[in-house]
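Turn these sequences into a full structure, and let the hints guide you.
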Amino acid sequence: GEDVEQSLFLSVREGDSSVINCTYTDSSSTYLYWYKQEPGAGLQLLTYIFSNMDMKQDQRLTVLLNKKDKHLSLRIADTQTGDSAIYFCAVDSGGYNKLIFGAGTRLAVHP
Amino acid sequence: NAGVMQNPRHLVRRRGQEARLRCSPMKGHSHVYWYRQLPEEGLKFMVYLQKENIIDESGMPKERFSAEFPKEGPSILRIQQVVRGDSAAYFCASSPTGPSENTEAFFGQGTRLTVV
Chain A
1 GEDVEQSLFL
11 SVREGDSSVI
21 NCTYTDSSST
31 YLYWYKQEPG
41 AGLQLLTYIF
51 SNMDMKQDQR
61 LTVLLNKKDK
71 HLSLRIADTQ
81 TGDSAIYFCA
91 VDSGGYNKLI
101 FGAGTRLAVH
111 P
Chain B
1 NAGVMQNPRH
11 LVRRRGQEAR
21 LRCSPMKGHS
31 HVYWYRQLPE
41 EGLKFMVYLQ
51 KENIIDESGM
61 PKERFSAEFP
71 KEGPSILRIQ
81 QVVRGDSAAY
91 FCASSPTGPS
101 ENTEAFFGQG
111 TRLTVV
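Going line by line, the protein sequences match chains A and B. Under the working numbering, the first residue of the first sequence carries the number 1, and numbering increases by one thereafter. Under the working numbering, the first residue of the second sequence carries the number 1, and numbering increases by one thereafter.
Hints in this document: simulated from the structure, not taken from any laboratory. Being a predicted model, the structure only gives us computed values, none of them experimental. Since no wrong hints were added, every one of them can be taken at face value.
The list that follows gives simulated cross-link-like pairs (lysine-lysine, BS3-like), each with its CA atoms no further than 27 angstroms apart: (1) Lys51(B) x Lys27(B); (2) Lys44(B) x Lys71(B); (3) Lys44(B) x Lys36(A); (4) Lys68(A) x Lys44(B).
Structure representation (C-alpha cells):
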C-alpha cells in the first residue's frame, strides 16, 4: 500500500531556515499536503501542492516537489519559536480526502 | 462558522466498556472522515462517510468498531468492548464536497481516548 516516510526530529536555531523532508510511494497522488500539529491540538493545514507543480511559495513557506524521486520538502524561512510543532506530510489516495500521513517530524526551535 | 467540533475532548474508559465519539462537521459540510493517531505515529485513515452512507471503511478494524453519520445530528464513532490498544487520539475531518473534487478537509481537535 501507499507509504509516506519522514525523518522524526529536526532541531534548528531561531532565525535559521528549517527543511523538512518527505518521501512517498504512490505516484498517482494528486495533492500533497503539509499539516502542523501543536501539542494537544488538532491539525492545521499549512499548505498543499498539486502534483503537476514543482514549487509553491506562501510567505515563509516553500514547498518543493520532485515527482520523479517522489520527494516533497517544506522549507520554513526565518524559523521562530512559535514554529515548534510536529509537521505531517500527507498525500491523497483514492480520489478524495483519504489522506495517507507520515509519522510526523518534530521541529524544535532553540535560541 | 464554527469549525469541526468533536466531543468529548478526553474520554477515559475501562477495558470492556463502550466508547462513543461524536463529530459535528462544519456547517454545509456533508462529508466526514475519521482518523486514528496512535502515540508517536501519524494519522491513519479509518472511514469516510456521507450523510447516511458509509463510502469507504477500508481502515476500520473488522470488529468492535462502527461509524455512522445520520441524516440529523453528528457523526458517531463507536468502539465496543474497548481494549488498551484502542487508546489513541481520534480525529474527525469534514469537507463540503467529496470524490473528484479537491477541497480542504478541516480537522477537529480530536478526542483522546484512554483505556484503563
